[in-house]
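Enquirer: Here are the chains, one letter per residue:
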Amino acid sequence: MNPQFSVDPMPALLERNDAQSERVNARGAPAIDVSGLSLRFAPTGSRRNSNLALSNVSFQVRPSEFVAIIGPSGCGKSTMLRIISGLLAATEGEIKLDSLPVKRVPEGIGFLFQSDALLPWKTALENVTVGAVLAGRSRREAESESRSLLHELGLAKALDKYPAELSGGMRKRVALARTMAYEPRVFLLDEPFSALDAQTRIHVGNHFLRILERLGQTVLVVTHDIDEAIAMADRVLVMTAAPGRIAKEFVIDLPRPRDYYDSRFEPGFREFQERIWEILRREMEGVLGHEDRS
Amino acid sequence: MKTAPERVANEGLPSADLAAATEEDAYRQKRAARSREIRIRFYVDRTIAIVVPLVGWQMLSDHWVGGKWISSPLSVLDRLISMARDGSLQMHTWQTLEEALVGLLCGLVLGIVIGVLLGFSKRLSDALDPIIMGFYSLPRVSLAPLFIIWLGIGLLAKVALVASVVLFVVLFNVREGVRTIDRELLDAFRSMKASRSVMIRSIVIPSLVPWIFASIRIGIGMALIGAVVAELIGSSRGLGWYVMHSTGVYDMAGSIAALVVLMILAIIFNWVLAVAEKRTLRWRRSADIGLVT
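Just so you know, the sequences run in chain order D and Z. Going by the numbering used here, the residue at position 164 of the first sequence is 164; the numbering climbs one at a time, nothing skipped. Going by the numbering used here, the residue at position 267 of the second sequence is 267; the numbering climbs one at a time, nothing skipped.
Just so you know, these hints were derived from the structure itself, not from any lab. Ideal placement from N, C-alpha and C gives every residue a C-beta, glycine not left out. There could be a bad hint or two in this list.
In silico DSSO-like cross-links for lysine-lysine, where the CA-CA straight-line distance does not exceed 27 Å [said to hold, decoys possible]:
#1 Z:K278 x D:K122
#2 D:K161 x Z:K193
#3 Z:K193 x D:K96
#4 Z:K193 x D:K122
#5 D:K248 x D:K122
#6 Z:K278 x D:K161
#7 D:K157 x Z:K122
#8 Z:K193 x D:K103
#9 D:K103 x Z:K278
A few chain D residues that don't get close to chain Z, going by computed Cβ distances all over 12 Å [what the hints assert, rightly or not]:
#10 P30
#11 P43
#12 N49
#13 S58
#14 R104
#15 Q114
#16 D116
#17 R147
#18 E152
#19 P257
#20 R264
Chain Z is faced by these chain D residues, among others (derived, beta-carbon under 10 Å) [unchecked claim]:
#21 K122
#22 T123
#23 V130
#24 P163
With these hints in hand, go ahead and build the complete structure from the sequences.
Expert: Dropping the structure here:
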């Protein structure tokens, strides 16, 4: 269910030469267009200076593309997802979703939080139903839809359980089901598996990967796990330490469908791993060195 | 159509199932026996905990101290029965109960409203903080004479005092509850474009329920204190009035009888609350239930 683009050529494009505009049109307008994004936090507590969290970040995500953003902790990558989803306002720069500038929260955002953000007082089924109802479905439709989504994610036995009764991996899958029930155009995943243990992460990661590949929606995932980024994404953007910028971009041309775990045995995987780690190590050394000095 | 080996395999299964089932049965029986044992032990313990002090009291009164000072369980029981017969027990109890309940309800409603406002508006909370802390540190009991002058010696003054005592517990609890609402839950709903009223219904109110229960639990005791103190200062009936009236004429059985009724009221309140809490907060306990094996 890809969004279709029958958008008129933008005024800016008309001024360009034909060859260029043709190429842009062939690719279609970007699903996510981030340009010149900066974020400055006001000084808090003992800090007297304001804190630049993001510095002039620009990148685009094409429709149906799966992009991973990776960076050292504290580089502002999670914050950036919040800005893209309209939950947080940027200091400078512009975000466009399907060519429309983001002001407040736009339609069709499927945000999956680091914590599961499930209602503890609702059962798994009720939690997922919330997503479908907010997408505008009738109660009854929403419930049957949610039921089949949970079945699909292997949670048939968990329908009437409360989040506290579910394991971390199951809660993650319920959260994904709720996001899917909302039928978003764009999935924004904020470190989706960071709270899971290694084996559960592979299991749940595979579930996510299979479903997201099948849906073919635009996905932007933020992670600190290099292997995860390479295994899942078409493109990996590596960010610098704070203030975060895009340091480098890698196009991951591994064949699809991928496997969350087995993809690491594909030829080429290791090379990506080494090159990304090279950049991250440099960034982390900068951060750690700075901490030692102060 | 089943082939022969398949059928053998299928016939093999039930016996394995059967073994598992008997094992499960044995385990269940063992567990049931154990929990029965624990329950019986509990009742025995409880009975001892209640009977021993009562017998001690009776003996103290009969042999050492004298009923003139501490009355005795039997004479208190006697008094309760005769009060129940002439209807004065019901009248006094109802009076105190009414004051405590109406006051609790007023304090609760007021506390929830103010607590929610203060929780959501840091500015308001910062501005009002000294006033709130000032009134909170003031012994509210000292307001009782004022309430009586302003509102008379009827129900209203007592309700006002009870409400003023309960108000702050509720207010602080609810304010803290609002401040600790899970931000990611709110963000998750915001990212799905949920309206404000949906977020209040699905997140804010359920988040506050445990805090409100906690404040009711503390508030019950406080409401009874408030009602009794108000009666001590100015009234013509109620359990507090009865305590004061009885001690005034050295009627120890009477004052202790009223205190016993107060105690029973508090116990019943707490029990009703515990049941309501258990039902409402099923999602909270469910995790524990899952763990009991």
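Enquirer: Provide an ascending list of the numbers of those earlier hints which the structure does not satisfy.
Expert: Numbers 5, 7, 9, 14, 15 and 16, in rising order.
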